[in-house]
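Protein chains in written order, with our numbering: chain A, -18 to 366; chain B, 4 to 275.
A portion of the hints provided could be inaccurate.
[As the list claims (entries may be wrong)] Below are the DMTMM-like pairs computed for lysine to aspartate or glutamate, each with C-alpha atoms no more than 25 Å apart in a straight line:
1. B/198 to B/130
2. B/102 to A/259
3. B/132 to A/324
4. B/262 to A/259
5. A/134 to B/7
6. B/102 to A/289
7. B/8 to A/246
8. B/64 to B/219
9. B/198 to A/211
10. B/251 to B/62
11. B/262 to A/235
12. B/132 to A/-16
13. B/8 to A/132
14. A/16 to B/191
15. B/102 to A/246
16. B/262 to A/212
17. A/60 to A/289
18. A/16 to B/166
No wet-lab data here; the hints were simulated from the structure.
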Amino acid sequence: MIEKALYGSKKYWIWVLFLVALLGVCFHFYLLQLKDGLTITGMSRNVSWGLYIAQFTYLVGVAASAVMLVIPYYLHHYKAFARMMILGEFMAIAAVTMCMLFIFVDLGQPMRVMNVLLYPQLHSVMFWDMTVLSGYLILNILIGWNTLEAERKNAPPPSWIKPLIYLSVVWAISIHTVTAFLYAGLPGRPYWLSAIMAARFLAGAFCSGPALLLLLVFFVQRFVQYRVGDEAIKALSKIVAYAMSVNVFFLLLEIFTAFYSRIPDDMNAFRYLFVGLDGHTTLVPAMWVSVGLSIVSLAILVPPQLRDNRRLLTMALIALVIATWIDKGFSLIAAGFVPNPFDRVTVYLPTFPEIMIALGVYTIGLLILTILWKVAISVKEKTTA
Amino acid sequence: MDIDKRQFLKIVGVSSALWIGSRLAGGLSSVFGIKDRFDKRALADAGYEVSKMLPDPKELKARQWAMAIDIRQFKTPDDYTRCIGVCDKIHNIPDIPTKQDIKWIWEEPYNAAFPEQHNQYMEAALENKSVLLLCNQCEFPPCVRVCPTGATFKRPDGIVMMDYHRCIGCRYCMAACPYGSRSFNFRDPRPYIKKIDPDYPTRTRGVVEKCDFCAERLDQGLMPACVDASKGAMIFGDLRDQNSAIRKVLSTNFSIRRKPELGTQPNVFYIL
């Protein structure tokens, strides 16, 4: 089946070659990091995690969001998602792979990564995160590949795949819950020490993941005959609208608890993000952009008349992806370390090499996504033609 | 050689089962003391100097090491730099003048060390005073709880140690430590060490490090270097021994600890 990725149009090959070339450029910066160490990043003693870990967090959400297709399709037999399922599952594979790579590029001693398996520490959330992420990757490869293969052969999927699909529903929730536990269980970081963290992560995932999926589908549909169907798009954008509303609601809950209680520890990180703390206002403009884009996206997504307009929907989804990315793919990590244990602010901004390495990981993800979607769409076009 | 899929899977299955089995057997035998026994005679026969491998008879032991820092006795800048300087020197701590610096023991103003204790109207002398900070060697260390490889671990005598050869540099311990006591080697530290002391290992790029209560000196029957340098302003001893010097000083003086509300049970006490 993989051979489908070897036959493509000129545009397909230009795109693949472009990604490979970009990857080559980015890899050069990773070599620089291997040589000099993480000193080439903007991270510091006080802000010891940055862009890499933030991307990891964001992409775990994207990976988990496949469950927003799996539940309606497999649990409620909502057939409109039939032509979308495989794209969601394959996007999850690309996203989980990027998650693992982002952890990898963040390590100070990457060649020792296997120590996590050689000396497993059952009390470490990071051990469990690695376990659930690997499991989720395997589940999605098994489910995605086998259902597609069955479809190609015009046969029903093997019966052993059913239990795995049900397992993948619980598993998807678990990957983002465990990822939230990485942060929510740390005693000295008030911004993260919140019971609602996992719920907020899931809400953010279930809007940003499907939004990204829809945008990618819109993009790819410009080049292929394959159509996922209007009903699927409408249903998924409705899911995005609900999830985004819940996501914003959860954020407001956090803000209420912090600012009504007036406990400085709980307010400080929010102050740093939205008005600045001790004169440090670096992230303030980005945060208000995020607020503005969230409002725009909700204003379009909630009324059905606007949401069902494809052009407006596209704008809303772009706004939503940027807004949630600023919130979860950047400020969540940077602000978790502010103020530090000495009540001081250390500003973190990624460096150019750091951004290039992150871009490199995204390029690998895009390459995997391109190949998998090429296979999937080729098979689908043949079977439905 | 031709092998089909079934044979291949069989070979992979059997060899991984053997590998897991041997690891399990190794683990069990070390639990029952079969492997890893320290055979002095065999080692001596093989020409090793066994006395060098045995614990030093002068070794200091405790059930829970702890430290009290009497900040009243820190008066001149030299009182601080003496303690910091000796630690930096004997532990090969690099001097990296950026935000990616390495610190084992350092000075902070009282307000920064105890932010929740600060108030606008407090005694000026205390407000402006510097306090020495180091790893608290918590009884319930969050860094140990989160470490995915066991590279940071707690010894039976309460010291929270680092294995620089196992650390993968994920920096989860730095996010978990509520005291900012951990530093990461963002770059190779060696060019930044003024004079390398061959008696103590230098660290490599990409691992986390911190104060370990001079575990290497305790093994030789010596007090931690900062305690020796402090001329009595730092008191070190066994918290579980009610006749120890530290218990005496804690029972007769007012002391506080950093962020006690987090339940980590720090083992560094500050006498005001």
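Hints, one by one, checked against the model:
no. : hint           : in the structure
1   : B/198 to B/130 : violated, 36 Å
2   : B/102 to A/259 : holds, 18 Å
3   : B/132 to A/324 : holds, 17 Å
4   : B/262 to A/259 : holds, 22 Å
5   : A/134 to B/7   : holds, 23 Å
6   : B/102 to A/289 : violated, 50 Å
7   : B/8 to A/246   : violated, 59 Å
8   : B/64 to B/219  : holds, 12 Å
9   : B/198 to A/211 : violated, 71 Å
10  : B/251 to B/62  : holds, 22 Å
11  : B/262 to A/235 : holds, 23 Å
12  : B/132 to A/-16 : violated, 71 Å
13  : B/8 to A/132   : holds, 23 Å
14  : A/16 to B/191  : holds, 10 Å
15  : B/102 to A/246 : holds, 23 Å
16  : B/262 to A/212 : violated, 55 Å
17  : A/60 to A/289  : holds, 20 Å
18  : A/16 to B/166  : holds, 22 Å
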